[in-house]
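**Student:** Throw the hints in and build the complete structure from the sequences for me.
Taken in order, these protein sequences are the chains called L and R. Residues in the first sequence are numbered consecutively from 1, following full-length UniProt numbering. Residues in the second sequence are numbered consecutively from 1, following full-length UniProt numbering.
Please note that the accuracy of each hint is not assured.
Which copy is meant is left open, so a pair is good if it fits within one copy or across any two.
Said to hold, decoys possible - Straight-line Cα separation of at most 25 Å, DSS-like style, residue types lysine-lysine; simulated pairs:
{"hint": "1", "residue 1": "Lys13", "residue 2": "Lys313"}
{"hint": "2", "residue 1": "Lys2", "residue 2": "Lys198"}
{"hint": "3", "residue 1": "Lys45", "residue 2": "Lys2"}
{"hint": "4", "residue 1": "Lys198", "residue 2": "Lys224"}
{"hint": "5", "residue 1": "Lys226", "residue 2": "Lys2"}
{"hint": "6", "residue 1": "Lys198", "residue 2": "Lys13"}
{"hint": "7", "residue 1": "Lys45", "residue 2": "Lys224"}
{"hint": "8", "residue 1": "Lys313", "residue 2": "Lys224"}
{"hint": "9", "residue 1": "Lys13", "residue 2": "Lys226"}
{"hint": "10", "residue 1": "Lys45", "residue 2": "Lys226"}
{"hint": "11", "residue 1": "Lys224", "residue 2": "Lys137"}
{"hint": "12", "residue 1": "Lys13", "residue 2": "Lys2"}
{"hint": "13", "residue 1": "Lys313", "residue 2": "Lys45"}
{"hint": "14", "residue 1": "Lys313", "residue 2": "Lys2"}
In case anyone wonders, no lab produced these hints; they're calculated from the structure. Bear in mind the structure is a predicted one, so any value in this text is a computation, not a measurement.
2 protein chains.
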Amino acid sequence: MKKLINAVEDVVKESLAGFCSAHSDIVRIGEQAPFVQRRHLTLGKVALVSGGGSGHEPLHGGFVGQGMLDAAVPGQVFTSPTPDLILAAAEAADTGGGVLFIVKNYEGDVMNFDMAREMSERSIATVITDDDVAVEKSTFSTGRRGVAGTLIVEKIVGAAAEEGRNLAALKALGDRVNAATRSIGIALTSCTVPAAGKPTFDIAEDEMEIGVGIHGEPGRRRVKLKPAAEIAAEMVNAITTDLGERARGEVILLVNGFGATPLSELYLMYDAVRRPLEAAGCVVARSLVGNFVTSLDMAGCSVTVSVLDEEMKRLWDAPVHTPALRWGI
Amino acid sequence: MKKLINAVEDVVKESLAGFCSAHSDIVRIGEQAPFVQRRHLTLGKVALVSGGGSGHEPLHGGFVGQGMLDAAVPGQVFTSPTPDLILAAAEAADTGGGVLFIVKNYEGDVMNFDMAREMSERSIATVITDDDVAVEKSTFSTGRRGVAGTLIVEKIVGAAAEEGRNLAALKALGDRVNAATRSIGIALTSCTVPAAGKPTFDIAEDEMEIGVGIHGEPGRRRVKLKPAAEIAAEMVNAITTDLGERARGEVILLVNGFGATPLSELYLMYDAVRRPLEAAGCVVARSLVGNFVTSLDMAGCSVTVSVLDEEMKRLWDAPVHTPALRWGI
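**Tutor:** So, in structure tokens, the structure goes:
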């Protein structure tokens, strides 16, 4: 295992310390417990709180800041944060407007955020993201997995929260954005969980996994490595087939790296994906390319398409100022 | 070789096409030739033009935009752009104020930018960056190599150019920022050049290269893989020793990934680097962590320290709006 780390058990703590110190103008570590929160909260605004296992950086801590999340709760690598920690983050972030949890659809996350909600006496609602079209059931999930589309939900709902919308309205908006969003991922290599010390799965030098999950869960099938254009066509087809009648008009196109794929390849994939997507009737109105929802050091990428309406587009364009996403401020 | 590409000979062209289409609000491809230029030029402003071999993305194209470069000239992977292409970019970017070339110190780049300057009838000056303290002479360079510190030069000189400073003043500022800046890199794996199809160098599963160049050039020495804290201490020591008396007061600290190292490890390294750097008498006033000056799919990172004065700090903080660096707008 080749990683820039010290002791395996300190990986999350030390990475979090570096993150909070590098971005101390925007975020800070919770006072009593190791979660990420905004340095400056807005009184009465609904607090957006997300979280999940570590290893997907910059998700979620990188999206804490004006226009997105108020707090993010990191578990150990690929391990759900405890209900206690989620509760502490919700208590710290709530300034009177209630709390919206945004939770990727994995059993551990859903259960622990649910327990935190039950333990709290505050007003809390939950949006579950399940944008991954690859499989209907997976290693850690019943129903579809929540993957890179989660950042689109967090950005759009985050902008609406800044406008002062109430908890019920934000919950409805979050569900609507999630329903308009589809993703699929492919892997060229496995990730290596530090505590495991070896790759999560074996894959031959000439193979790739189509439909992989962000923890290295199996996808739809294992195939021989193909040219980017063929991979892109298959990914777009999986998404547009699933969207059906909705696959037209303006969309956000997100090409997301899994951590070990360089930006040059992501831009090449963006080019390869955009062609069949537009041929299928979608108009790419907004684009995002980079490593946003990663799987440690996995090589590969995911494609996310989110069908826009006018309100979603306006909220996507609204100012955002977080460590990992920043525009308009 | 596992890469998301089509034909090897189309890698740079297709990646560039995706980049320009994803960021069409900021950049466009040159009309007659494949370089990156700002969509909107400012009449009479000194034009900043940089470039070099591809494979270091987002450098340099990702730094074209308001507050940084006016044009970037990409060569093939790890191959200098031709004088013709550099000339075309300079002609397109110059709006009457003259042109400042910012060139990393590699023989091919220096020679080709120099030839373009001689071929042109415009006012052109050149800043050469040579921030890498690892070695005094390397595979492709006489004197020190120009690496991640180049982005600090581009950011600070870019902000000064927006203020309307003339060519001579910008050339002097660029030289001053370069002289205040030191970097060193380490690699855990080799990169793989697409046309070569195999790793540039062999490295054992338990080894790392200290002082590596951004094309996989050899560094100072090959050692057994060490904990992050020890690696960080050695990198900081190399930089502060080289800075000597200048290693105190406020600095920019840049922890830069080489392409295949995940953000979580870069933040952990930032934490590990910051401690000995501050113990050595530097105050980290500004921070940047991410993949900015990469080596294709190399795993590893570099550390850059730039000693600030008040003017440099003000210009660093000035608004910037490029695909890869964005704040204040």
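**Student:** Does each hint hold? Answer for all of them.
**Tutor:** Okay, the hints, checked on the actual structure:
no.	hint	verdict
1	Lys13 x Lys313	neither (36 Å within a copy, 30 Å between copies)
2	Lys2 x Lys198	both (10 Å within a copy, 19 Å between copies)
3	Lys45 x Lys2	neither (43 Å within a copy, 47 Å between copies)
4	Lys198 x Lys224	both (23 Å within a copy, 18 Å between copies)
5	Lys226 x Lys2	between (27 Å within a copy, 10 Å between copies)
6	Lys198 x Lys13	within (21 Å within a copy, 36 Å between copies)
7	Lys45 x Lys224	neither (50 Å within a copy, 52 Å between copies)
8	Lys313 x Lys224	neither (38 Å within a copy, 51 Å between copies)
9	Lys13 x Lys226	between (38 Å within a copy, 19 Å between copies)
10	Lys45 x Lys226	neither (48 Å within a copy, 46 Å between copies)
11	Lys224 x Lys137	within (24 Å within a copy, 42 Å between copies)
12	Lys13 x Lys2	within (19 Å within a copy, 32 Å between copies)
13	Lys313 x Lys45	within (22 Å within a copy, 34 Å between copies)
14	Lys313 x Lys2	neither (41 Å within a copy, 36 Å between copies)
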